[in-house]
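**Student:** Given two chains presented individually in distinct reference frames, assemble the corresponding complex, making use of the accompanying hints.
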Amino acid sequence: MEIKESKEKYDVIIVGSGAAGGITTKILTDAGLKVALIEAGPYFDPADPEQQTQFKPTWASPRRGSSVTRRFGDFHMSYGDWKVDGEPYSSKEDTDFMWWRSRMLGGRTNHWGRIASRLGPKDFKCKDFYDLDENWPITYEDIKPYYDKLDKLIGVFGTKENLPNDPDGFFLPPPKPRLHELYYIKGAKKSGINVIPSRLSVLTKRINNQRGICMFCGQCERSCSVYACFSSSSSLVIPSLKGGLLDLYTDSMVRKVNTDNNGIATGVSFINKKNGKEYSIKSKVVVLGASSCSSARILLNSKSNEHPNGLGNSSGLIGKYLQDTVGTSKQIFVPELMNRKTYNEDGVGGAHVYTPWWLHDKKLDFPIGYHIETSYRNLGMPQFGIGGYIPNDFNKFFGLRVGGYGEQIRKDVKKYWGSTIALESRGGAIPDINNYCEIDENKKDKYGIPVLKFNYKWADTEYNQAKHAQDIYEELAYNMNGIMIGDKPGKDQNYGISTPGSIIHEVGTTRMGNNPNTSVVNKYERLHDVDNVYVVDAGPFVFKGDKNPTWTIMALAWRTSDHIISELKKQNL
Amino acid sequence: MKRRDSIKTIILSSIGASLTLEGCISPLNENVSEKIWEYRYGRTPYEKERDKKFLNAQFFNKSELRTIERIANIIIPPNEFGNINDAGVVEMIEFIAKDWSTPAHNNYGENVLRKGLIVLDNLFENKFNNKLTDCSDDQIKSMFDIISYNDGIEEDFKEAASFFATYRYMVVTGWFTSEVGMRDLGYKGNIPNVWDGVPEDVLKDHDVSYDLEWIAKCVDQSKRNETAVWDEDGNLLT
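Line by line, the protein sequences are chains P and H.
In terms of the working numbering, the first sequence opens at residue 542 and continues consecutively.
In terms of the working numbering, the second sequence opens at residue 8 and continues consecutively.
Calculated from the structure, these hints are not laboratory results.
One or more of the hints may lead you astray.
[As the list claims (entries may be wrong)] For lysine-lysine, the following PhoX-like pairs were computed, each having C-alpha atoms within a straight-line distance of at most 20 Å: (1) P/Lys797 to P/Lys597; (2) P/Lys994 to P/Lys666; (3) P/Lys952 to H/Lys148; (4) P/Lys666 to P/Lys693; (5) P/Lys575 to P/Lys1110; (6) P/Lys1064 to P/Lys1111; (7) P/Lys818 to P/Lys987; (8) P/Lys693 to H/Lys224; (9) H/Lys195 to P/Lys955; (10) H/Lys224 to P/Lys597; (11) H/Lys55 to P/Lys624; (12) P/Lys815 to H/Lys138; (13) P/Lys952 to H/Lys224; (14) H/Lys59 to P/Lys597; (15) P/Lys701 to H/Lys224; (16) H/Lys55 to P/Lys597; (17) H/Lys230 to P/Lys693; (18) P/Lys903 to P/Lys731; (19) P/Lys633 to P/Lys984; (20) H/Lys195 to P/Lys882; (21) H/Lys224 to P/Lys730; (22) P/Lys727 to H/Lys224; (23) P/Lys668 to P/Lys1064; (24) H/Lys230 to H/Lys211; (25) H/Lys211 to P/Lys882; (26) P/Lys815 to P/Lys797; (27) P/Lys727 to H/Lys211; (28) H/Lys195 to P/Lys956.
Chain H extracted, bound-state conformation (with noise of 0.2 Å):
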């Protein structure tokens, strides 16, 4: 994925040193039994495995979720289609914090995710002298409103505006690729259908047409289930 790599770029060039894998992953309480693999769909052993160890382990630790959480649900706020829990914004980022803790993603982890929050804190404490869980949202949105846009962002404030647009990165990608986000979003799809063309108030809103001679050699999608059959120069019988 070329854009996730650039992405990499430009968020790790300006971060140094990293810790290991396992240094930052602690496995969940040894009496919780082992995490049920609730995610179906084909996996080979090993990715299996992989994910299952992911599973069953934590990376951050209550505080730090309680933060992403609260970050979560200011730049996507709840509506009538659900909130960040209901699309399970958060357990994609603690996923991800040990899904991309490899060399090869420079332990996006620990130096990209718990660092971000690390800088977000600050930003508040500095400011508000609190945490940032524990200020008010309006706290919250008065200093979103300096990291959140491109333009204009003061050279203190840069830090804090790269992991911020991380953050809102995980979370609009974790908003509209749930169940809840892809209704509001009004995705459509991902069922057996029978596809026969843009619907006409489209096309007419777009100022499109299909060509008619085109179109007579689409499928007549009420003959699909009749067996082809060709004459010898190849012209469709059926």
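So that you can see chain P by itself, here it is in the shape it has in the complex (with noise of 0.2 Å):
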């Protein structure tokens, strides 16, 4: 779509069109409401032909998908990855973080796993459970009747479980385990660890007429063509723009929050890629939902003489309580499950079991807990690498020779496709004042604009948690009659533990909470400084325990959506 200087006032400008900015769109658009959504990257469908990944085979590239210039592959859906062209950030001495960005419409939803789960009643009350600082300003009964409709709208399948922190919904049925789920389920009922049908949003059955059923092609991390599985895109943004009520401005990288006199805000300034130039439009109500760490410096660089430390920054927390997933893994190899009979087991695209926290009562030297995710594409389409550097490594647990080539190897490489699982922890990670982004002073990105400065350490008690996983998969693997694959990581590798930010699950910038003195916005998700401005991504969450964030940014922004709506009809804004 082309870029237009817009002389007229929008009733809501809406910064971001992933998760957040997609379902604000929807339910703001749905009510009548003039909207304006600016999205960094370019305009995609998945369904458009010339974009399509989806069944494409893996000798359709010239590289075989191998990862050059997406960091998951030719094939994967994302256009960005931890690194963007032109766009650098960078981390304080000793700390590393790694900061994804999906430039393109529909944002990181395109290419996410599609775990939907709900944050459990102690999630939200994590002070009083788990003896952190603060609690969520709102519980678990505030936000169930949105997590419901999200259910109902945009479907997830899943069961009933009836799980004390893993609260259930409306779910569609899930598909049956592959073979190796089969053996994941059989060890963990071995240890007394539950195991229940993942909870993901992909449609194993018709929801409406505007979207079709799982093709069980194994690939919703490539954007599904025919909208089974939820991408803001596809499910949201694209059926909004046929209302008339919405403008969509794609390329346009946002620059700032615009503000008059009083310090209200009055609108955007965005730089259209296209031409370089800078563009402001105006409106009523700004909402942001450009991801945690890129609304937060967005409010961090709309510096005015009303908000001298940045829009909404009184308290000086922008940036502060920034979280991701604690992450370990390990790949396990199950000789039972050599020389495989093949068969087409693609399924949808994540796995169709896991393990949620399952020691709630136990005493441990680590407050929250984390769920355990499993390998999905074991039997899916070879892609690089196929085999291992040396394909027939695994020989060495039997005594035999490693290596060699010819019939050998084709036969080697036959015997050990799909005789491995990997296993992968999704933990709670402690909000932490000292854990943040904040703006680098001396560097801008190429549109102009000062970027991002991370400092993120793994608290101690975050470490305890991965060494806890890495036992527990030590444990499975002989429950499965399996061989970890190489050395379990101890104490000196840190027990395996994910780098920040490469769970790609940043929550907590702009943090939710009553006191304008130690938190960013209200429990609707507005800025206490300002009336008229929102953060709808996850950079308001106080806390996410081990749950997968999109599902609650969405919910909220839902919340927030009634809100906004509510505001404008009493005309409070």
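**Tutor:** The following block contains the structure:
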């Protein structure tokens, strides 16, 4: 879509078209509001054959899908990754943070794992249950109706399990487990570890006539051409464009939120990436859904006489309490899965089963639990590197010679194909004021906008959590008659804990709270300092527990959208 | 891709100075019209341009390409599914030599792939007084028997063994990610289908079974087209 200079005043400007911006756009335009949606990347529709990578075989790529221009390989549907050309960031001396950005309509919802988990009641009362510094100012009961509405509007499969901190929803029926998942279930059972069907936003059953049903290609991360898995582009923004109330600005990089002499927001300024020029548009309300760190960056860059520390930053807390998920993983070789009979086991683009946190009542040396995800492409389409660098390295487990060539190597690749299971823990991080992003005053991106600098360190208890997960993997490997591949990472390797940011679950930079001195937004995600600016991405999260954040981002954004509609009706904005 | 990063470290850590990308890639004969984009899948304009540039340039000379083809045919010999050429293995390696010739890849094309050919060729020159491509299959195999196994490789052969492993990795990947290679492997997916669980005979063979209570909650594929309706407690009615 062509960028235009708009003289008209929108009701609402929304920045970012991912999970947060998408649902906000839908709810506000459905309510009859005139909306401008600004996206930093190009237009993207998963159904566009020119952009489609779904169903493309590996040999369709001259590099056989290897990850040179895209971090997770040629077919992965994200324009941008932890590196975006011309948009640098840095980390403070002895820290490291990885910041993923998907510059495209729909943002990261085009490639995400579709894990649609709800936060539980304990996650909202995290001070009471986990001894953290603050509770959320809202409870599970406040947000539950929005989770329910999301389930019905967008679709998620799963099962009712009546677990204490993993609430049930309005589920579509899940797919049956794959073979290696049955091994995992059996192995976990021996240690009393619960395994239940996954909860993924994939349509295993029809929910409306606008979206197709899963074709079980296992390629959700390529974004679905029949819209069977949820992407904000396919399922929210593109349908909303048909209503005539939405102006979409693509390839537009927001520099700042503009304010008047009273400190009230008047709209935003952005740079049109195509011609390099800056434009500004006006609105009654500004909603930021650019992702936790991008929204924090925009606010911090929106300095004015009335807001000298950045917009909404009188508390000095914007950027603080940054959290990513704590992760650690291990591959396990399961000899019983050698020499598999092959059949189409692609399934959905994610594991069909998972282990929710199961040790709620046990005293451990870390406060917050984790869930375990398993690999799912065990018999999936061969990608670059199939067989590994030494295709029969597992021969060493049987005292057989490693290496060789010819028919022996061909046979060995087939023998070991599909015989490994990867286990990955996804755990809650501790909100910490010392983990943050801030503006790097010395560096600008290619659009001339000051960039971010990160400071993030794991806490001792988070290392303990990773250690616990590795101990569990060892036990599960034993239970499956399997062998951990490579050494079990010990203290010297930090138990294999993930680099902060690498799990791509950043939350918590514009913390929600009732007290303007200790938080940035109120319980409706409105800036304490400015009545007509809202933050609807994961920035307002106080805490996320071990849960994947997308569903909660959208539930909160829907609730905020209802609030905005009501405030506009009352002419309070 | 962490695995690749670590592999890179292993292979490249012993290699020193690198040539620049421009120095080792020559454009194809200008009379030849631009190579048609034969790869059809969603690319951004930047990616498309980048790939096109490489597809229209030549990294290896004819003699090097013949060496790669010969090595590849011995690492994965032809069978009823096809051969190395059917699988486009040499083309893939030619492309990767250019694709990975970046500072981030430590100029892999020159430092690893081309250097590997030189080291392997020297090995045959020393032993048989002949280029690799002029040696017989038996001669080539006699050397591969020495350098292809991880155990007991003598110091003199370590460098050649490391480059052999690199080419084996490339050839195995090239074969099994090709159309013929996937058939050889037995991969059956990448088509629209309705997943309804692991086949009965496979379950039996692995001595595992579906839990009946679990299965009762799973999707009834005969009703997948009926629009979902729930009662107020979230129980699915359709």
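**Student:** Of the numbered hints stated earlier in the document, which are not met by this structure?
**Tutor:** Violated hints (numbers, rising): 1, 2, 4, 10, 12, 13 and 24; every other hint is consistent with the structure.
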